[in-house]
Each structure stands twice: as C-alpha cells, then as structure tokens.
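> One line per chain: the protein sequences are A and B, in this order.
At position 62 of the first sequence the residue is numbered 62 (my numbering), and the sequence of numbers has no breaks.
At position 5 of the second sequence the residue is numbered 5 (my numbering), and the sequence of numbers has no breaks.
In short, the hints are calculated from the structure, not lab data.
Treat each hint with caution, since some may be false.
[As the list claims (entries may be wrong)] Which residues of chain A face chain B? A few of them, derived with a C-beta cut under 7 Å, are:
| no. | residue |
| --- | --- |
| 1 | Leu44 |
| 2 | Gln103 |
| 3 | Phe105 |
| 4 | Gly106 |
Note that the Cβ used here is the ideal one computed from N, Cα and C, for glycine as well.
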Amino acid sequence: GAVVSQHPSRVICKSGTSVKIECRSLDFQATTMFWYRQFPKQSLMLMATSNEGSKATYEQGVEKDKFLINHASLTLSTLTVTSAHPEDSSFYICSAVKNTDTQYFGPGTRLTVL
Amino acid sequence: GESVGLHLPTLSVQEGDNSIINCAYSNSASDYFIWYKQESGKGPQFIIDIRSNMDKRQGQRVTVLLNKTVKHLSLQIAATQPGDSAVYFCAENPGGNQFYFGTGTSLTVIP
Numbered sequence: 001g002a003v004v005s006q007h008p009s010r011v012i013c014k015s016g017t018s019v020k021i022e023c024r025s026l027d028f029q030a031t032t033m034f035w036y037r038q039f040p041k042q043s044l045m046l047m048a049t050s051n052e053g054s055k056a057t058y059e060q061g062v063e064k065d066k067f068l069i070n071h072a073s074l075t076l077s078t079l080t081v082t083s084a085h086p087e088d089s090s091f092y093i094c095s096a097v098k099n100t101d102t103q104y105f106g107p108g109t110r111l112t113v114l
Numbered sequence: 001g002e003s004v005g006l007h008l009p010t011l012s013v014q015e016g017d018n019s020i021i022n023c024a025y026s027n028s029a030s031d032y033f034i035w036y037k038q039e040s041g042k043g044p045q046f047i048i049d050i051r052s053n054m055d056k057r058q059g060q061r062v063t064v065l066l067n068k069t070v071k072h073l074s075l076q077i078a079a080t081q082p083g084d085s086a087v088y089f090c091a092e093n094p095g096g097n098q099f100y101f102g103t104g105t106s107l108t109v110i111p
C-alpha cells in the first residue's frame, strides 16, 4: 500500500483569512498529486492537478488565485485557500499517484469558515 | 482526472447478504480500474484494482468483475458487515495521470 497524509485534519477560521492544507506522500514519491473538494453526500470534485516542479492545472470554474497550489517536492503539495469565505467551507481531499497509475488518497481536511 | 458532483445513489443490504455495486465507465481506452471505499468524514481508501487483461480479481471478501464489452465494472462484497457501510467509488485510468471517477454508491448495511 501507500500512505498519504493531510494536515490539518480539521480547521476553523474566520472569514477573510487564508488557510494552508498540506498533503504528503509518506512512503513513496509522487510526481502528481490531485486536489479534490467534496460536499456532503456528493462525489469528489476535482479542483486541480499538481505536478512537481510546474504550475498546477486547474479545472474549469476553479479560481487559481483563490486556491493556490504548490508542489514543492516529490512528497509534498500544498493548497492555500486565500481570503476564505463561508462558501469555501468543505471537505478537501488530496491524492498522490504512485507508479503512474494508482491514486492513494489522504484522509481529508474539514474546513469551516465562520 | 474528472469527477461529477452528483447526489449519490444508494444501496441497502441486510447484514450477511452479498452486495453488488455497479459502475459503468466511459473510456474504452481505460486499462486500469480501481474501487475505493469512503467512510463518513474520511478520505477514500483503496480496496482492489484490476487491469484490462483480466475479467475477475478476488480479494478478501471482495471481488471485482470487469466486462470490457459493455464497459461495466462491479464490486461484490461477500457476507456484508455493518463496517462495510460507506460510499464506494470506481475509477478508470486510460493511461498517464488521467483518472475518471464514477458518481459513487452509498451502501448501507442493515443489522
């Protein structure tokens, strides 16, 4: 198997602040990581594809200036939600690709913006 | 990868019965498939995978069947237990870093 961690697991912040979420592949290197958002009782919604050493590729409708992604190393990608608002409250999940074909997911981060 | 934010279909089964969760995939070029289990408040967990050169693969209490002719994937869970209650997603990989997810099925096990 493969282990992907996320930090923090839960965060509550005030409207207008920025929140950084880390995604780490603990026992393998991942040139590609994905960031998803998930609303209750719904499927995963892909936000962006993060490739190590290059700019992230954002899905249509996802604001790149709002959701900053940095893939600084083969084991770490970060998602920063800038100037968060209550509508950004959601469950954010990352995944890392091992051996170019299998995605392993992190445990998710619950963001609540007051 | 792609995914669609739709409300999930549901499946209820009695504890001890077998469960079958179905998934239709879209890309005939997909050659690798994965089933994930997601419990409430957690990230999806890898269950089992299958490559297109196989039509059946078994794990512990789970079996994945692949029908490439009709582009259909199923997950069978034997002797379903309350701990199996979760949302199950299938994913297809046509190569590279492209992943396409099904909408997911919410499985509820009735004790």
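> Hold the hint about Gln103 (chain A) up to the distance rule: shortest CB distance to chain B must be less than 7 Å.
For Gln103 (chain A), the interface hint holds, since the closest Cβ of chain B sits about 6 Å away, which is under 7 Å.
> Would you check whether Gly106 (chain A) satisfies its interface hint, that is, whether its CB is within less than 7 Å of any CB in chain B?
Holds. Min distance 5 Å.
> Is the interface hint satisfied for Leu44 (chain A)? The criterion is a beta-carbon contact with chain B at less than 7 Å.
Cβ of Leu44 (chain A) sits 5 Å from chain B, so the hint holds.
> Return the status of the interface hint for Phe105 (chain A): holds when the least beta-carbon distance to chain B is below 7 Å, violated otherwise.
4 Å, holds
Hint violations for this structure: none, all hints satisfied.
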